[in-house]
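So you can see what is in the structure, the chains are spelled out below.
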Amino acid sequence: MLKTDIAFKTDLNKGFLPFITAFMVFVASITYATALIGNSLASDWNRHMSNNLTIQVLPDMRAKNPPKEIEERINNIKKILKQTPGIKSFYAMSKSETVDLLKPWIGDKIDITLPRIISVQISDVIPLNTKTLANEIKNYSSLIKLETYETWMFEFKNTVSAVQTLLGLIIILILSTTAITISYATKSGLNINKKVINIMHMVGATNKYISTQFSRQMMILAITGGSIGYIISCIVILIIKTISKDISDGIIANFEFSSYIYLQMLIIPIIAGIIAKVSAMLTIKKELNKMV
Amino acid sequence: MSKTQSDSTKPIVSLQNVGLRYNAGPEVLKDINLELKAGDFYFLTGASGAGKTSLLKLLHLAHKPTRGKLKIFGKDIDFIKQQDMAHIRRRIGIVFQDYHLLDHLSVLDNVALPLRIVGRSERYIQTHVPELLEWVGLKKFINTKPKLLSGGQQQRVAIARAVINNPDILIADEPTGNVDEEMAKKLLFLFLELNKMGTTVIIATHSTNLIKQFHFPVLHLQDGHLIKE
Ligand SMILES: Nc1ncnc2c1ncn2[C@@H]1O[C@H](COP(=O)(O)OP(=O)(O)O)[C@@H](O)[C@H]1O
Ligand SMILES: [Mg+2]
Chain B
448 MLKTDIAFKT
458 DLNKGFLPFI
468 TAFMVFVASI
478 TYATALIGNS
488 LASDWNRHMS
498 NNLTIQVLPD
508 MRAKNPPKEI
518 EERINNIKKI
528 LKQTPGIKSF
538 YAMSKSETVD
548 LLKPWIGDKI
558 DITLPRIISV
568 QISDVIPLNT
578 KTLANEIKNY
588 SSLIKLETYE
598 TWMFEFKNTV
608 SAVQTLLGLI
618 IILILSTTAI
628 TISYATKSGL
638 NINKKVINIM
648 HMVGATNKYI
658 STQFSRQMMI
668 LAITGGSIGY
678 IISCIVILII
688 KTISKDISDG
698 IIANFEFSSY
708 IYLQMLIIPI
718 IAGIIAKVSA
728 MLTIKKELNK
738 MV
Chain Z
10 MSKTQSDSTK
20 PIVSLQNVGL
30 RYNAGPEVLK
40 DINLELKAGD
50 FYFLTGASGA
60 GKTSLLKLLH
70 LAHKPTRGKL
80 KIFGKDIDFI
90 KQQDMAHIRR
100 RIGIVFQDYH
110 LLDHLSVLDN
120 VALPLRIVGR
130 SERYIQTHVP
140 ELLEWVGLKK
150 FINTKPKLLS
160 GGQQQRVAIA
170 RAVINNPDIL
180 IADEPTGNVD
190 EEMAKKLLFL
200 FLELNKMGTT
210 VIIATHSTNL
220 IKQFHFPVLH
230 LQDGHLIKE
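Top line first, the protein sequences correspond to chains B and Z.
So this note's numbering is basically just the index in the first sequence, starting at one, shifted up by 447.
So this note's numbering is basically just the index in the second sequence, starting at one, shifted up by 9.
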């Protein structure tokens, strides 16, 4: 497969074509890797975020005894939470904890009743219907707010998928440019090889044979370049991975991606090779029909 | 290697009232009528510019006649596709006046070209090509590029390429023009060898010596007309 019967002259293409495909494959692979990393990052976050929700309990200032009333409501919320399937655990911050938390800003001599927070861990196994829970809580009291990350995540996901669409378009653009470049390189290659092709015709080569041989040679050049581009992009990703591990420690929870990514990136040089073969083949067919 | 020798009376090449002109130029070949049968051997003579090369190129489908009918192996070349053309050419060995060798390939690869395009194995190529090159005295130059060879040596490479696939028709355009008399004779014996196995041979030549020695019929071109002598 990776050998031609007949060596065509490659003076021009020998350097140019592998270089250009190396570059294209490099850019496309990095872009693709970015999309993949973004994807895994987003789903990591999604998993992480969607495991938590917060319930904010606001004091009712019109109640006779707001501090007592808020405790009552918190206890009732706890009961509701206990009965709701899909909740792993929850934790209601006590009054003193809340005061401690806010002390630096408002001091410890506080008269007003502070809002209180219940943080809820959602089960990984049993699905939680957040809508039902939100309704239940709202029906119970308008001074209780359920904050899920769903609304926020929705926008986040939209952004991520928009970015990914963009990256996808960039990859398509790069690959199309590769196809066009290869088509031009093929044309110039055919021009250099006019005499070779003429003589091949003279000794009885069919157009099919010539185009198969020639496009194979173009594909070999493209695969050579593609492999170089792929290897360079793997090295770059490895470096980014190493550096980002140090930086991101503590900032982003799970900025790690599996080495599987290198395997996934391999699709790019493979696609480039196929594109090289096909666009060379089509160009040759067209050009040979002009020659005969 | 099978040769279609079945019907030796049926022409393998026939030209009827064939005329050829280049672009808007004068007709260089006029009313050519010719039939070649399996096993024929002809010399083609004529002054320089008489149209010998043009006629041989017609037989090799390098040009189409501007008028008349040309049939090769029973196929009317007015109605054939590129693929058929390729298959016809595989059965015709041609030695061009200017050799038409590929400078970037070795002598071996040049001669192997017709074998490669028909899908002969590398093993076949590595045994048969050196054998033939030895016969034409080029064993030493197997891996040499044609540019480094003398005109006569290049001519022999071209001859080797033309005969390597054991063609049904061998066309040679002044194949002995650049070699000494002894080599010319040797090459003629090679053509004769092929001819004995049924190959139709047509050789354009100026050498009255060869014509005298080998006693084959002569086709003579004059003012674009073909005269059988
Ligand atoms: N490709 C061509 N284009 C135009 N005229 C040509 C071409 N090839 C040959 N001729 C003309 O055709 C005539 C015959 O040429 P050619 O067949 O080469 O003769 P010979 O081989 O007998 O010397 C000459 O007048 C030559 O100038
Ligand atoms: Mg001539």
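Keep in mind the hints are simulated off the structure, nothing from the lab.
Be a bit skeptical, because a hint or two may be false.
Pulled a few chain B residues facing chain Z out of the computed Cβ check, cut under 7 Å [to be verified]: (1) D452; (2) P514; (3) V607; (4) A609; (5) V610; (6) I639; (7) K641; (8) T653; (9) N654; (10) Y656.
Everything numeric in this text was worked out from a predicted model, so none of it was measured.
From the three backbone atoms N, C-alpha and C, an ideal C-beta is built for every residue, glycine too.
Verification of the hints:
1. D452: holds (4 Å)
2. P514: violated (95 Å)
3. V607: violated (53 Å)
4. A609: Hint on A609/B: violated, closest Cβ of chain Z at ~50 Å, above 7 Å.
5. V610: violated (49 Å)
6. I639: violated (10 Å)
7. K641: violated (12 Å)
8. T653: With a closest approach of 4 Å, the T653/B hint holds.
9. N654: Status holds, d = 5 Å.
10. Y656: Where the cut-off is 7 Å and the nearest Cβ of chain Z is about 6 Å from Y656/B, the hint holds.
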